[in-house]
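Enquirer: Sequence:
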Amino acid sequence: MIDLSLIWVVIIAVGVFIYVVLDGFDLGIGILFPFIQGQQERDVMMNTVAPVWDGNETWMVLGGAALYAAFPMVYATVLSALYMPIILMVIALIFRGVAFEFRFKANRTKHLWDKAFIGGSILASFFQGMILGAYIQGIKVENHIYAGGGLDWLTPFSVFTGIGVVVLYAALGCGWLIFKTELALQQKMYQLMPKLIVALFIIFGAVSIYTPLAHPEIAARWFSLPQLLYFSPVPVLVILFTVLALRACKNHHELSPFVYTLALVFLAYTGFMISLWPYIIPPSITIWDAAAPESSQLFTLIGALILIPIILMYTGLSYWVFRHKVRIGDDGYH
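Here the working numbering is used: position 327 in the sequence shown is 667, and no number is missing along the way.
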């Protein structure tokens, strides 16, 4: 018999990962703006993502819709627990989107829209990280209803993961700009990228140490046999790809820093999934406890299997059409 809940978890997990990668590097552009002062270089930075940035957020919508369709209890409970950071994240994304559009039309007020773009990008990334941290910490549920307080999400750990996601997106954006730009702007990114990679490695290490110490069930999952043998390659690969990313920057490779950073994101995401499995509302509600009726899951799965290939095709096409480098003086976004 087909496990529809497991299929939906895979769909949601893949959709969220694609969102983190695609919207991550274009949020990273805004986070990197303060390091670049020249307006022409900032124009180039924005033009690298201008044709695709709004399409990247399709995956966030898909993830939310899939969660509502397949696991409505999770949708209701998680939104109740994380209502405030989710609303603040959405406001920041809206503000950033408006700044993105208005900046290209403004003249005298362009510097103000730059600040709005920076603020929206940093805050959206930070609140995504806080949501992640609060989710890892666990959500208090009684009788399948959120039973915690309105500020349970606000903890030192969630603030730390918020900062961590800002650094992660900055590293993705830096790798993207190395790949998509040239000359002085590219050289600035080569200088900045190693610092971000080292900071990212430290953040990964801190979260990896804190999480099993604070949650014995996660420690048992990682360090008991035979799981320890299966999962031990994850930290080894994190070290390997960190070294490869630093070496690629030193040797001025163009695509490799971005690819190795993507590998680090994938490993971090894999570690997150391993730590929480099979709980979809940690630490007590499994994916099967929270699943919608099979008839509902099957009905929406048919729609998803039609829509997801279409989304993948137009996403892939947009990146293929705009695959070339962006240079100062090129026709920009209008």
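These are computed hints drawn from the structure, not numbers from a lab. Note that CB positions come from ideal geometry on N, CA and C, so glycine has one too. Do not take every clue at face value.
Unchecked claim - Label pairs and their calculated CB-CB ranges: (1) 639 with 522: 20 to 30 Å; (2) 447 with 554: 43 to 53 Å; (3) 659 with 500: 53 to 63 Å.
To be verified - In the DSS-like style, the derived pairs of lysine-lysine whose C-alpha atoms are separated by at most 27 Å in a straight line are: (4) 665 with 590; (5) 535 with 455; (6) 590 with 535; (7) 528 with 480; (8) 480 with 590; (9) 455 with 528; (10) 528 with 590; (11) 445 with 590; (12) 450 with 665; (13) 665 with 535; (14) 455 with 590; (15) 445 with 455.
Enquirer: Take the hints in turn and mark each one as holding or not.
Expert: Hint by hint, here is what the structure shows:
{"no.": "1", "hint": "639 with 522: 20 to 30 Å", "in the structure": "violated (50 Å)"}
{"no.": "2", "hint": "447 with 554: 43 to 53 Å", "in the structure": "holds (51 Å)"}
{"no.": "3", "hint": "659 with 500: 53 to 63 Å", "in the structure": "violated (33 Å)"}
{"no.": "4", "hint": "665 with 590", "in the structure": "holds (21 Å)"}
{"no.": "5", "hint": "535 with 455", "in the structure": "holds (23 Å)"}
{"no.": "6", "hint": "590 with 535", "in the structure": "holds (12 Å)"}
{"no.": "7", "hint": "528 with 480", "in the structure": "violated (45 Å)"}
{"no.": "8", "hint": "480 with 590", "in the structure": "violated (47 Å)"}
{"no.": "9", "hint": "455 with 528", "in the structure": "holds (20 Å)"}
{"no.": "10", "hint": "528 with 590", "in the structure": "holds (13 Å)"}
{"no.": "11", "hint": "445 with 590", "in the structure": "violated (38 Å)"}
{"no.": "12", "hint": "450 with 665", "in the structure": "holds (24 Å)"}
{"no.": "13", "hint": "665 with 535", "in the structure": "holds (24 Å)"}
{"no.": "14", "hint": "455 with 590", "in the structure": "violated (31 Å)"}
{"no.": "15", "hint": "445 with 455", "in the structure": "holds (15 Å)"}
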